[in-house]
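Residue numbers (the numbering used here), protein chains in the order written: chain A, 67 to 168; chain B, 172 to 1009.
Derived by calculation from the structure, the hints in this document are not laboratory data.
Note that CB positions come from ideal geometry on N, CA and C, so glycine has one too.
It is possible that some hints are incorrect.
[What the hints assert, rightly or not] To give an idea of the interface, some chain B residues facing chain A are shown, with a C-beta separation under 8 Å as derived from the structure:
1) Ala625
2) Phe831
3) Ile902
4) Ile906
5) Arg936
6) Thr938
7) Leu994
8) Gly999
9) Phe1002
10) Cys1007
[Stated by the list, open to error] Partial chain B-side listing against chain A, Cβ under 10 Å, derived:
11) Phe216
12) Glu380
13) Gly579
14) Ser828
15) Lys883
16) Phe891
17) Ala909
18) Ala912
19) Leu987
20) Leu995
21) Tyr1004
22) Ile1006
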Amino acid sequence: MPYPELFTWWAATITWSIVFLTLVSIYLYIDSAKRRRQPGQKDQGTGKLVSDFVFVWILLGLLILYILSIDRGSAVMFAIGNVVVEVILLAYLLKNKAPASE
Amino acid sequence: MKQSEAYEALGSSKNGLSEQEARHRLEIYGRNELPQQTFSELRVFLRQFNNPVFVILGGAAILAGFFAEVSQSVAIAAMIALSVALGFLNEYRAEKTVQDLRRNVSIKAVVTRDGKVSDVDAALVVPGDLVSLYVGDIVPADMRVIEVKDLQLDEASLTGESFPVEKTTDPLKLERATPQQLTNYLFMGTVVAHGTGKGLVIRTGKNTEFGSISKTLARPHPETEFQIGIRKYGNMLITLTLFLATGIFVLNALVGHPVVDSLLFSLAIAIGLVPELMPAIVTITLSQGARKMADSRVVVKRLVSIEDFGNMDVLCTDKTGTMTEGNVALDSYRSLDGGDDPKVLCHALLCNSAVVGERVVGNPMDSAVWKYAINNGERDCVKPYTILDTVPFDYERRMMSVAAEKNGSVLFITKGAPESVLARCTRREVKGEGEPIGPTLDSIKTRVSEYSKAGYRVLAVAYRHIENKPSYSVDDEEELILQGFLSFTDPPKKDARQAIDKLRDMGVSSKILTGDNELVSVKVCEDIDVPVKRVVNGADMIKMNSNELRGAVEEATIFARITPEQKLEIIKALKANGHIVGFMGDGVNDAPALYEADVGISVDSAVDVSKDAADIVLLEKNLLVVSKGIEEGRRVFGNTIKYILMGTSSNFGNMFSAAFASVFLPFLPMLPMQILFMNLLYDVSNFTLPTDNVDEEYIQRPKRWNIDFVRKYTLFFGPFSSLYDFLTYGIMLFIFAAPPALFQSGWFVESFWTEVLVIFVIRTRRTPFFTSRPGKWLTVLTIAAVAFGTAVPFTPLGSFLGFAPLPSEYWILLVLMVATYLLLVDAGKVFFYRICKF
Chain A
67 MPYPELFTWW AATITWSIVF LTLVSIYLYI DSAKRRRQPG QKDQGTGKLV
117 SDFVFVWILL GLLILYILSI DRGSAVMFAI GNVVVEVILL AYLLKNKAPA
167 SE
Chain B
172 MKQSEAYEAL GSSKNGLSEQ EARHRLEIYG RNELPQQTFS ELRVFLRQFN
222 NPVFVILGGA AILAGFFAEV SQSVAIAAMI ALSVALGFLN EYRAEKTVQD
272 LRRNVSIKAV VTRDGKVSDV DAALVVPGDL VSLYVGDIVP ADMRVIEVKD
322 LQLDEASLTG ESFPVEKTTD PLKLERATPQ QLTNYLFMGT VVAHGTGKGL
372 VIRTGKNTEF GSISKTLARP HPETEFQIGI RKYGNMLITL TLFLATGIFV
422 LNALVGHPVV DSLLFSLAIA IGLVPELMPA IVTITLSQGA RKMADSRVVV
472 KRLVSIEDFG NMDVLCTDKT GTMTEGNVAL DSYRSLDGGD DPKVLCHALL
522 CNSAVVGERV VGNPMDSAVW KYAINNGERD CVKPYTILDT VPFDYERRMM
572 SVAAEKNGSV LFITKGAPES VLARCTRREV KGEGEPIGPT LDSIKTRVSE
622 YSKAGYRVLA VAYRHIENKP SYSVDDEEEL ILQGFLSFTD PPKKDARQAI
672 DKLRDMGVSS KILTGDNELV SVKVCEDIDV PVKRVVNGAD MIKMNSNELR
722 GAVEEATIFA RITPEQKLEI IKALKANGHI VGFMGDGVND APALYEADVG
772 ISVDSAVDVS KDAADIVLLE KNLLVVSKGI EEGRRVFGNT IKYILMGTSS
822 NFGNMFSAAF ASVFLPFLPM LPMQILFMNL LYDVSNFTLP TDNVDEEYIQ
872 RPKRWNIDFV RKYTLFFGPF SSLYDFLTYG IMLFIFAAPP ALFQSGWFVE
922 SFWTEVLVIF VIRTRRTPFF TSRPGKWLTV LTIAAVAFGT AVPFTPLGSF
972 LGFAPLPSEY WILLVLMVAT YLLLVDAGKV FFYRICKF
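One chain only, chain B, in its complex shape (with noise of 0.2 Å):
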């Protein structure tokens, strides 16, 4: 199809679509949104069904229909759909507050419409809109081609294409074409390699050819830390229920009670062991924490990465806009004379991937190159010239050259890395003239080490005459005459020091992963009076053994002159010595770092390919934003484990010896159901944990996840909660005389009440206990949560339930035996956590 053509079929022009068209067909053909990334209430409410617990519980209540009471089967019921509301309304809000917050960092589309270019968010880009792209752009749509400047796209996302493909606006004859085929075709969700283009959007969301397929071609990440330990968590929980379950109905049937109420009640065992609010709880603290990570200008795109924000240890960062200002500003474009020669700012311009357009866009050097030329008049020297052929900047050569036309003769202009383009210069250009560079070029080199070490980075231009011909290519950069050299500031940052020191003292170490040499590097580090243990530059790096790098990433703090691919090998090296590593990167090249390292942060202003692989955005690049983000991770950390310690100690003591007591008991120690009520009000109980208070010391270092450290918990801290219940069972049979309903009643509330006021001291590590201050709404829904527990023996709802009002005498024991108890727990506190570290 001819681009007229394209179009008149969709009613585009040259100017866009008018905004009351583009408004009309966003209504017909939806937001520009894959099903899997728009927010579904009917999808939050299904999940809440995705849980085993309510297989239980909904196989207890068909049971009990059957073969016990229609009433107990009612409750049952009741329970279940009490249950599913509860976690449906938490995590609805949870999953509102998150598609809100992700909101923020939204992929743009430039887009002309009216005749007027202008930002929009992709998700508003509507067929017939025409969208202009450059370097580092993920396409937001299914587009025609309409415009090509050297436009390359990686399609690796699509088809799986490693090497970028060029474009073209011509167009193509071909029937069934495949999407390599298809050249004059941009797809969705690829990413903009090199060059500007514009084009026609054809078709939008799901539609699209990355929407039809987008489910096979998700690239998953990899499981978080956190997501491996609560897999492990969770399979030890089940583990250990199917065991006991199953022991409790045997042995409960062997004994001589009736075989469904032991069914029923081995079940009820099942479902008080298993944390069934455990997803529910996990999402509401991971969104709060996003919530208030926001507030820090720190957007979660991910929510599960928080916890392992939290916990990193290592960052790794680049130096551009962490330790400097990040506005990098040509300073001087000198000759070997030593004075500024317009003649190599000229050639810099030319030999530059900059575009200029609206704005200009490329990689920081390029454009300060442009907008230095642009603001002093110097941009029209390039007029002359046509340029005939390029050969793109890579890590390997650190250069880029291009072939320009003037009159007729060819110039051969190659910009790059000093030591890469000087490897290459056989002259150097004295008064306009070749001389051989042999006998200056040690004065040379150390000029550009004075240049380095004085905190510049540098830039090398050569040239050569050379022939006109079809192509040109890297072999052609050789004997090139050395022109002169581009000098560049990027003042450093005056709260980098502060930064990094701050996540030092919260157990982070650093480290600068950057392009730059390492006179550089350390230059700047020692203006922000950062101490440099090790300086490892890259091409030492390659001489490494994976042994040898592993030991260098640890001793490094500087890693100079890297490629992307050795930005990967360190973070892979660091992870394998155990760390949790962070990665900081904006380019289009550090997408890959991103997605390896288990935290990949970016920053709002950085290229669309690197903010959509990254974990975390922040919203303004600063070191002391990710302390602030990590403070936050800690305290979401903290909380969870609260839920998990809780879990696995006095709810698993409770029904550990109420499953004992069964065998031995003349009854059952507690009615299903009522075990079932009692699990209910514990776990509204616990809907407040997310927003408890975390202690300033436990967010002081990174913790890791540990399930030997969970399960030495469960050993130590469940029996506490057992012997306790057995004492009651010994108060209510030989003090009391307790006939059933009154026995059941009494352990009700003593189980009950040590229960949930033991949070008071699992929360903290704290001894004695108060000296930790909780939650307001923690407090306020626990004292609320034992109150109405207290109560209910004595209501109708209790008599519904089988239970029966406790004698006065009974109350006081209980306070004095609780106190016993939590103080007890406190005391074990002190033991455990002197010989078990986490």
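For reference, chain A alone in the conformation it holds in the complex (with noise of 0.2 Å):
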């Protein structure tokens, strides 16, 4: 592999960058509920926090591909694995369409 001495550092930041990503999801997340809670109404189900952070089960995929890809020195690992990515991501927004109108 060439620049060894950079692969820890660069698995580092890119873990970081995905780490710090879901943690800005989690405090938004916090934020808004706590904002929109009424009194005496009930805490969400773990069913409803798992289809809420789809994309953040996503996000750790693909760091997962990324990290393994790149350390194996794999462009095609890297090439199927974006494709496949692609392909659910494309699933989960067509799912989620936005409404015509708010």
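Make one complex out of these two single chains by using the hints.
Put into structure tokens, the structure is as follows:
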């Protein structure tokens, strides 16, 4: 592997950027929940949390794909992985198609 | 100076100047405009340098010249020149457009030339012109008074004096007189508060009293919510940039990178972070919006008000011309017996503030009385009378009075709101005799209510015989004899309901602010089928404290019998409740409310002072026109926000990852010149953003500038861009074993693609993003910019900038990676807009 001394730094950086994005998402989610919570309202179930954070699960999947494919220097693995993720994202977007009017 | 001397000194006469002489003088004295009203190419050009980014860039060019390479210095200077040229060209076109539009609502002056009276653009008035003045006119130049009829001027804009000043034609014998002492002189910019007159123009433009001190007198408009938002956003960016640039410089120097390289790199990052084109983009977006609004017969006088126009959620408007046709006509002039009585009409003609000359000018009801009399040959009845004195109308008394003399006896006539006049009547006229009013007062009030309920606007006429004396006052308005009533019609407007519904659907609630009584106002609303939630009248308002008023303004649909001061209070209360308030008015007394509202809207037919105070002028008084303007305002806001969100997300993410990488990489991830080049290309690609389409659902509701939203947006979407930058670093380092030039090329292309293409995702809230159609020119220029950026590493320019050609495998990975990035950001939108509302 070229530049082997930089790999750990790179892996840490890309991991940190995804962790940061996840933390920001959690912060925004909690902030929003606090603002909207009505008195006496119950907490949302785990199922709702899982579905609300779908894109975070995709991010974590991407992290694994990127670190593995680049660690192995495999452009093919990187390309196939991206195509699979794109299909998943497209399906997710079509399922969550924003209404034509708000 | 005597009048004759004034005519002689100015080479004029009672017939005014000749057209030929006026044209000649216009060439000598120039247009009658103040310097800040004129459009200057030089000012637009110099304004391009009023930008801290160019100071940073200039500093960077000098530093590069001294410590690095001259070629780098030249390249940075070329980028400055290109940015200035782009900014100048676009802002010049934008300002020119606005200037041309403003000419549509230029103030007119009634000028006598060659003995003929005509309306001319006030900017074309020259010394020696003879100008006629009417109530509500803004005096177009400094003038010697030639003729007066109860002429009173509001000179507050010049002297601060809040009471109108009476003007005379008498010569003055004063040395070094103050403006207040010059009672035979009219000052440019002051307003005719009462009466009529004529003036001989002495000085124009910057030579006038107003011109010499206009800079200090200019009444600043309060900052719009949009301007406040932009300022806060700018402060946020400057703080971020300072922290980041300083941190990068220190860290790079600490890890052993050359100090000059570190400094230039941190400066380049700072430049990359600052959206230096924002002023130009905002101006272009606003001017394009102004041009489109002009197509809908809406002329924008103050460009920055467009955003607030789009975002306003309450529109306060008068009734005449919006709910009604605005054609007030006299319907009847009845005595208490019930039939039309010529004496009632004659007294209404005498007690009348309308000015009858070449045209009838004045308030709609007084004008309607005169127009009726002229059209029906009834005007001669006033000939035997001489008006001795007038007690003018005011909104407290809601009536006016005159003392009229005929054959040695004096009649004191009062005309006004029935409830006000009735309160001062002790008798009523029955067959020419005065009888006590008491027993019939209730039936008279009932009759007035019936008129009002039927939709008529009613005025009462009363009189008394009075002794001849030097002057008369409100104290004489007592022990009157009620003579009869005048009723007026103003048919309901057919499309008013449609307009109100359209505004409501767009999230704008309409409130009617009227001087009429509540019965007439409710009847008009019933006629056009507009639901009325609550009516508040002026008398009730006086009793309310500020909290009660803040509650009332939320509930009420109609505010009846209110004074101009109360209009101001209503607007302030609505603003205090957090609304963005539009006020539509065209009267002399509407100017303060037009200033106070977030968006002051007037109409082309309004009096000068009202048009002058307004931000927006409608060429047609119609609420449907307003709704079209609101739609355009929302489009403008939408496109401005897109630029801001672009800058704070992908652009910010790119600069952040560059800064981060510079500390750990053994070489700079991108050279300063490369960053500046990318920044310039990115800026160019953004120039068509103002022409982009805005989704229909976006313009359905008013939006508010929300800095908290922008912060959250940056925090959430910025890291997406950084993530893909880090990924590119990995690909270039570990798959392609890239040396510095190749690494920089790879990252330049990826960074540019993501930075530019993400506009297609960010520009819409729709998911998937491709369900929203972008503007044609935005698509064309973005694709062209991407193609150009892609080709650069393969060109001599690329070599000059330090790039190297990229291997073909890289392009496959890049396409896949960028596609994933765009879809991921789109998926992020689903999450983000679920929890962050804007």
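Do the hints match the structure? See the list:
1. Ala625: 42 Å, violated
2. Phe831: Holds, because the Cβ-Cβ distance from Phe831/B to chain A comes to roughly 7 Å (cut-off 8 Å).
3. Ile902: 7 Å, holds
4. Ile906: 6 Å, holds
5. Arg936: Since chain A brings a Cβ to about 6 Å from Arg936/B, closer than 8 Å, the hint holds.
6. Thr938: 5 Å, holds
7. Leu994: At about 4 Å, which falls below the 8 Å cut-off, the nearest Cβ of chain A leaves the hint on Leu994/B intact, so it holds.
8. Gly999: Holds: closest Cβ of chain A sits about 6 Å from Gly999/B, inside 8 Å.
9. Phe1002: This hint holds: Phe1002/B lies near chain A, its Cβ roughly 5 Å from the closest one there, short of 8 Å.
10. Cys1007: This interface hint holds because 7 Å falls under the 8 Å limit.
11. Phe216: Because about 43 Å separates Phe216/B from the closest Cβ in chain A, which is outside the 10 Å limit, the hint is violated.
12. Glu380: 54 Å, violated
13. Gly579: 76 Å, violated
14. Ser828: OK, holds: Ser828/B within 10 Å of chain A, min 8 Å.
15. Lys883: Where the cut-off is 10 Å and the nearest Cβ of chain A is about 6 Å from Lys883/B, the hint holds.
16. Phe891: Since the shortest Cβ distance to chain A is 7 Å, the answer is holds.
17. Ala909: Because about 8 Å separates Ala909/B from the closest Cβ in chain A, which is inside the 10 Å limit, the hint holds.
18. Ala912: Status violated, d = 15 Å.
19. Leu987: 4 Å, holds
20. Leu995: The hint holds - Leu995/B has a Cβ within 10 Å of chain A, the shortest such distance being about 6 Å.
21. Tyr1004: Check passed: Cβ of Tyr1004/B comes within 8 Å of chain A, closer than 10 Å.
22. Ile1006: Holds, about 4 Å.
Hint compliance for this structure: hints 1, 11, 12, 13 and 18 are broken, all remaining hints hold.
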